[in-house]
Amino acid sequence: MSARIASFAITAAALIALPAAAPGQGRGGDKAPAQPVVHKPIPRAADGKPDLTGTWQGGGVSITGEAGAPPLHPLPPIDPHPIRREPLAYKPEFEAKRKSLTTLDDPTLQCLLPGVPRIQTMPMPLEIVQTPKEVVILHEAFRAWRRIPINDKLTHPDDLVPTWMGDSVGRWDGDTFVVDTIGFNDKSWIAGNGTIHSEKMHVVERYTLNNDGSLSWEATVEDPVVLTKPYVTGATLRAPIDVRIEEYECIENNPDPAHMKKAAELDKSNK
Amino acid sequence: MKQGFLAALTGLGLLLTAWPAMAHHSFAAEYDSNNLITLTGVITRVDWTNPHMYIHIDVKDAGGKVSSWSLEGYPPNTLKRTGFARASLKEGDTITITAYKSKDGSNTGAGREVTFSDGSKKFAGPEGR
Chain E
821 MSARIASFAI
831 TAAALIALPA
841 AAPGQGRGGD
851 KAPAQPVVHK
861 PIPRAADGKP
871 DLTGTWQGGG
881 VSITGEAGAP
891 PLHPLPPIDP
901 HPIRREPLAY
911 KPEFEAKRKS
921 LTTLDDPTLQ
931 CLLPGVPRIQ
941 TMPMPLEIVQ
951 TPKEVVILHE
961 AFRAWRRIPI
971 NDKLTHPDDL
981 VPTWMGDSVG
991 RWDGDTFVVD
1001 TIGFNDKSWI
1011 AGNGTIHSEK
1021 MHVVERYTLN
1031 NDGSLSWEAT
1041 VEDPVVLTKP
1051 YVTGATLRAP
1061 IDVRIEEYEC
1071 IENNPDPAHM
1081 KKAAELDKSN
1091 K
Chain H
-8 MKQGFLAALT
2 GLGLLLTAWP
12 AMAHHSFAAE
22 YDSNNLITLT
32 GVITRVDWTN
42 PHMYIHIDVK
52 DAGGKVSSWS
62 LEGYPPNTLK
72 RTGFARASLK
82 EGDTITITAY
92 KSKDGSNTGA
102 GREVTFSDGS
112 KKFAGPEGR
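These protein sequence lines map, in sequence, to chains E and H.
Under this note's numbering, the first residue of the first sequence is numbered 821, with each subsequent residue one higher.
Under this note's numbering, the first residue of the second sequence is numbered -8, with each subsequent residue one higher.
Looking at chain E on its own, in the form it has when it is part of the complex (with noise of 0.2 Å):
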């Protein structure tokens, strides 16, 4: 358990940290002298809304680079956006069965979609494709895709059945973009081990264009059924050089829950 909660924490340092991180830099040591950050003013549509169109990516040793590998086309420096967090709190009922699950019972160990927000921190790109009418986000990540129509009244279809992505609308608040998704089926994890939802969670996201290049992305869950409290997180996505999203399918070569089913076997065999 503790190690499951420290990977959380760690991946949560990550999100914290990402964007602060200048190319290049890890734990090789680099020396390069700092750039400065460029400021020019956000691309806009001929409508004059922002322009989130583009392909953009969070996290992943593609953008990051690792020790002792840089990446191949490192991002040029942002500035520091910090990022509104708060942690998951569940009913007491519903954090036994949180504490049962393990990684074993991971939908995404399957191949299945993600859901929202959890999307969003594959260590892959996504492109935003934005029109006055719709955005669609087509992300590499298991092939998932969202199309999010504009309506200022933020109203879904009243024929949802229960999806792993769920149905998004949209709408602009001055220069940011506020997504709405509701129709979740209960499948999902919000964010990493155990972390149920059920089918009444109403996720929130902002997505904010910044003058350096970035795009802030920040989520709020509610789920008045197993929540206490909305559970916040963000990111803050870089445009990665010379990256077009390509095709994963992941379902095409996995052994990894049959390698997985019998490491738990051995070890509980062990205790």
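Hints in this document: simulated from the structure, not taken from any laboratory.
A couple of the hints might just be wrong.
Footprint (simulated), chain E over chain H, 3 or more residues, beta carbon under 8 Å [claimed, not checked]: (1) 16 to 29; (2) 85 to 96.
The calculated DSSO-like cross-link candidates involving lysine-lysine, where the alpha carbons are at most 30 Å apart (straight line), are [unchecked claim]: (3) E:Lys1049 <-> H:Lys56; (4) E:Lys1091 <-> E:Lys917; (5) E:Lys860 <-> E:Lys919; (6) H:Lys51 <-> E:Lys1082; (7) H:Lys51 <-> E:Lys1081; (8) H:Lys56 <-> E:Lys1081.
Facing chain H, according to a computed beta carbon distance under 10 Å, are these residues of chain E, among others [unchecked claim]: (9) Glu886; (10) Leu892; (11) Pro1050; (12) Asn1073.
Here the structure is a predicted model, which means the values were calculated and not measured.
In this text, a Cβ means the ideal position worked out from N, Cα and C, and glycines have one as well.
Use these hints to put chain H onto chain E, whose structure you have.
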């Protein structure tokens, strides 16, 4: 306290590897990050598949006995973006690869650093965690 913990992690430089390295499963449930082995063998097959690529090698021990190993790596798209050339892994080539051994006892592992026959090196998968 918690902030101190996070700050300490950041200070250790973990931030660059801490974003989930693998999209679809936990590392620790499958591989032992404390058991990094080194294998030298002949490539028998490479699976350029998702969610992971696999390098299959035949490893000969001191007594001449051959065992077959399968080492997991990053997804093909990620390898492309880190500059891991597909052509650099050819059947019949001899490579050395470090790998975190699988916890299930099989001849599998999470591949880490490949040393090619010309001595050059490239990471095929993430650092253990």
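*Regarding the pair Lys1091 (chain E) and Lys917 (chain E), is the alpha-carbon distance no greater than 30 Å?*
holds (23 Å)
*Do the numbers back the hint for Leu892 (chain E), that is, is its least Cβ distance to chain H under 10 Å?*
holds (5 Å)
_Is the listed coverage of the region 16 to 29 of chain H by chain E valid when you require three or more residues with a beta carbon under 8 Å from a beta carbon of that chain?_
holds (count 5)
*Given the proposed pairing of Lys1049 (chain E) with Lys56 (chain H), does the C-alpha separation stay at or below 30 Å?*
violated (60 Å)
*Three or more residues of the region 85 to 96 of chain H near chain E by CB distance under 8 Å?*
Satisfied; 4 residues make the cut.
*Distance restraint between Lys51 (chain H) and Lys1082 (chain E), which requires alpha-carbon spacing of 30 Å or less*: Answer holds: Lys51 (chain H) to Lys1082 (chain E) is near 26 Å, not above 30 Å.
*Should the hint that Asn1073 (chain E) touches chain H count as held when the rule is a Cβ pair under 10 Å?*
OK, holds: Asn1073 (chain E) within 10 Å of chain H, min 4 Å.
*Does the structure keep Lys860 (chain E) and Lys919 (chain E) at a Cα separation of 30 Å or less?*
violated (47 Å)
*Taking the least C-beta to C-beta distance, is Pro1050 (chain E) closer than 10 Å to chain H?*
violated (18 Å)
*asked:* Given a cut of 10 Å on the nearest C-beta pair, is the interface hint for Glu886 (chain E) held or broken against chain H?
replied: holds (5 Å)
*Lys51 (chain H) paired with Lys1081 (chain E) [C-alpha distance capped at 30 Å]*: It holds: about 29 Å lies between the C-alpha atoms, which stays within 30 Å.
*asked:* Can you confirm whether the C-alpha distance between Lys56 (chain H) and Lys1081 (chain E) stays at or below 30 Å?
replied: Since the Cα atoms of Lys56 (chain H) and Lys1081 (chain E) sit roughly 29 Å apart, the hinted pair holds (cutoff 30 Å).
Of the numbered hints stated above, those contradicted by the structure are hints 3, 5 and 11, listed in ascending order.
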